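Chemist: Chains as they are written, first to last, in this note's numbering: chain A, 1 to 308; chain B, 1 to 308; chain C, 1 to 308; chain D, 1 to 308.
No lab work stands behind these hints: they were computed from the structure.
Identical chains blur together in the list; that is why a pair holds if it fits in one copy or across any two.
Straight-line C-alpha distance at most 30 Å; calculated DSS-like pairs for lysine-lysine:
(1) K283 - K187
(2) K269 - K177
(3) K177 - K283
(4) K269 - K67
(5) K232 - K187
(6) K269 - K280
No experiment lies behind these values; they were computed from the predicted model shown.
One-letter residues, chain by chain:
4 protein chains.
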Amino acid sequence: MKLINEETSGVFVIAVTPFDETGAIDWASLDRVTDFYFEAGADGLTLLGMMGEAPKMTQAEAIEITKRVIARAGDKPIVIGVSAPGLASIRELGQTVMELGAAGVMVAPPGSLKTDPQIHAYYGQVVEALGDDIPVVLQDFPLSTGVNISMDVLGRIIEDYPSIKMLKHEDWPGLAKISAIRDAEAKGRRRLSILCGNGGLFLSEEVERGADGAMTGFAYPEMMVAVTREMKAGNADRARDLMDVYLPLIRYETQPGLGLAVRKYVLAKRGAIASPALRKPGKSLDARSAAEVDILMDRIEKRLKEIG
Amino acid sequence: MKLINEETSGVFVIAVTPFDETGAIDWASLDRVTDFYFEAGADGLTLLGMMGEAPKMTQAEAIEITKRVIARAGDKPIVIGVSAPGLASIRELGQTVMELGAAGVMVAPPGSLKTDPQIHAYYGQVVEALGDDIPVVLQDFPLSTGVNISMDVLGRIIEDYPSIKMLKHEDWPGLAKISAIRDAEAKGRRRLSILCGNGGLFLSEEVERGADGAMTGFAYPEMMVAVTREMKAGNADRARDLMDVYLPLIRYETQPGLGLAVRKYVLAKRGAIASPALRKPGKSLDARSAAEVDILMDRIEKRLKEIG
Amino acid sequence: MKLINEETSGVFVIAVTPFDETGAIDWASLDRVTDFYFEAGADGLTLLGMMGEAPKMTQAEAIEITKRVIARAGDKPIVIGVSAPGLASIRELGQTVMELGAAGVMVAPPGSLKTDPQIHAYYGQVVEALGDDIPVVLQDFPLSTGVNISMDVLGRIIEDYPSIKMLKHEDWPGLAKISAIRDAEAKGRRRLSILCGNGGLFLSEEVERGADGAMTGFAYPEMMVAVTREMKAGNADRARDLMDVYLPLIRYETQPGLGLAVRKYVLAKRGAIASPALRKPGKSLDARSAAEVDILMDRIEKRLKEIG
Amino acid sequence: MKLINEETSGVFVIAVTPFDETGAIDWASLDRVTDFYFEAGADGLTLLGMMGEAPKMTQAEAIEITKRVIARAGDKPIVIGVSAPGLASIRELGQTVMELGAAGVMVAPPGSLKTDPQIHAYYGQVVEALGDDIPVVLQDFPLSTGVNISMDVLGRIIEDYPSIKMLKHEDWPGLAKISAIRDAEAKGRRRLSILCGNGGLFLSEEVERGADGAMTGFAYPEMMVAVTREMKAGNADRARDLMDVYLPLIRYETQPGLGLAVRKYVLAKRGAIASPALRKPGKSLDARSAAEVDILMDRIEKRLKEIG
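Based on the provided sequences and hints, a complete structural model is requested.
Modeler: Structure (structure tokens):
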């Protein structure tokens, strides 16, 4: 199994977990959406993140999903979210998924961390709990975690914990953070892979600032693949034209709380999953919002034809 | 002086306060940007909100700015932000600006409010402090204030405090809140004017849901004027086409913290103010970000020509 | 197995989980501290709360601890904390521990709840997930959870969800909340058992206001037993004299973060557990703090003799 | 006028602002409570802090109170709280009160500060705005401000901004912070005056750890004066005996939100102010709480006689 490392690039899609209307896991749809992501050009997947409804699953379900997707993905790398309230759970789940063939684990900081030294110490404890040889993705998503990681403390974490190989970047605003990391590397600090989140809202700027790609779950993953590729190929205008086509829906999908229902609605409409159902207490899209998304999807089709 | 009321509609621009490079108020630019907003079609202005750098001013400066803009605005309504840590200050500033000719005052909830009953009680105290005859705009901006106003408690506030005439709507996600308010009105509750914020990010959907227009400071106010007008005229596709042209910049400008520097940079480049300077501790746009905004502005010009 | 109900009273000690210096569970000490609590007069125990280091355990360990303590406790009721990020985990753990003989489960609100309607809805979902027949303790601890439950919404929760039998009361300030609950009951609302937390800091006032006892883990549980008994027997002065003896240590133990290390230090010194060790990332008491606690313990002994 | 400096020690009482039942400032009581504090042995006073109801006053009232108390205090040092949302207000108020004869100004960090570098930068801006020659008290009160200042960043602030002369210490838990500061000084860092808050709840331990005294508003300031003096004289047991007498009331008064009503109730009962009224939206003590405080005050009298 290939592991992620500090050079990993491309698009890792944050995968949804498909449920049926009763809340049971829809295993056939899990296979189908896995295929869908790779057919759209994804380089890897990330499971059991916030948008994968991980907290709503039992641990047995989480393991079963991990096994199924890894088997389906062939040699493609799968990152698994293992954030948990305690280190024992992180270690247990982390070691289990790595044995199952995961390419790395992702850990977000718990909301109880209040100061830079606490944040730094926490990642030291995580790395110690997991062992040095498990590649770690640091998820930096203050809007959701409530933990603000300054460039300062992030720099010290990068320097002190070499098994942290990747940043899932979704600070907002966050473009300056990408530039700061690349500037520090130009002065000699070790490299870090940076894949960006926030639904792709700033993807063209992010890649231009030095990001290696995207790790987010926008329901048209082909956009993220194409924008990343065009930016790297020097076709910035083409990349921006593509971004602009999808931006109205990206914007709609980044609404906190509502976003996952939008995402599943689009994926179901595109045939990637059978039902847009969320597990409770999540709710599917209401009729008014669905009508708004329908318009946005129609306009994407129309604009795609216009730009060729 | 015309006061705002529950039927007020259109676009109220959240005005910037122009400073020179030393941090002094640039009075000539204040006149110029006032004219600029009205020439772009604004129906009114809102001064001394968060994006007007109000907290960085002395009270004497705030009064002086209010006088100057009201004088310049002729018969156009000017709303003044009077949020303050205590009721005595709210009353003092509120009564002062109304005497100077303001059309209403805007009050955001203080971050210390923790529960629905506390939020309800607070607006009762505000209305009591101001007196019944000053029209109040309730600013609902949880991302910034940290106070989440449920539809439930908002409903009780509307019912109990008739001098609250307008909602500055910038909950996020917030489209359902607009629908809920209009649904309640259809069942008999008194009308509330709803002008939307968030930089215009959802303006077409907001007006479609029943909002009366926008109250935000996007640096191309003509977009907000046109989108509101086209939506109301039934030209939803045209409105969405216009939105799409500006969305890449709207998105860029809604970055918390960074947004005001973007806004002032664009306004300065458009000639509406002499300098993009923010008063300390605010910072002007760094070179990388400025280059990104330049690209976005160029693309707006290009796309505007394409859509005609 | 006896279940808790709306009349449950007395002292439920929040039990510590003893570890050895390597971080392994010390099963012999778990037996010993269980005996210690009941010998001190406890009416029941609560396991796997925040102060039981629950988040640091794997699920298998949590189950094993539950089994061991229930077996050791004979016919005494054991409440189990089952707070978790998702409903599936709450249901799974809740049903498991009830089958193992627990007397009820305790659920704190997740920090993501922002408004009164959200808090109300959450407890509806919890009750639905668990089923109507599992008695629930609602833990109201805003300082730790970040969720402020107004008297208003608490009242609606009591009215709507009859399987919520008990309030673990540790709002701060919180005396008025006890009075409000008892006042509402005097006017006809169903009874709720109220056991108070906060380390016993306000225990005499709480019982006087109508609380049924304590549910907290102060390292001298005999104080809580005696104060509750004396207050109910009408010997308020004696109860206050006793409180005053322990107050300097109670105050010291209620320091957030540090408190558990203090508690385990005292329990180890009293012979109730073999080691004061916390599982990582927790830390044992530093030397300066230990010296301060030594003085406080000596003074308790001295004052106890003085008051007879 | 004597200024505070890095050696300042003793007790600075956080003064209440007396109002009459209509909410008007009671100037006679302001004189009386000023005298009361100094007769109790206070070395100085602090005005316009959170517990002085500063945010409820207009700026004109704040200035008038400052003048009155400075005049009444003779040569005793008066510190003035000048925390404000913006630097312009801090500078304006700071320079004004220094011209009126204040001994220094106190600044708490605004809740918008999220990271260590932001906190460090903020105090740099404050010092720059005030000028180097105004002595600054840094108020470190995370429970109220929401800003957690790590020992790390506090160290850098001390090193970089020499006009910060004093720490108003009320982190909780906070004893380790005092030790860390004194340890750093033993290794060569410049001295900082440390006066402690939190209503005196940990005063004996704080002075033993190296604090220079108290800056808080407990309604029996003679306790703070005596405990500080006895600790410094090496009579630790006597100091702890005194602490224990008042601890039940200290504990009651440290209830957030409720505390100021308790404090004013006690001061009014002791004759230091005419009315316990708070300015709106504050509320006076309800009858049940007042009865509880009555008992606590009676018990203080009784215990004082017992310990002699």
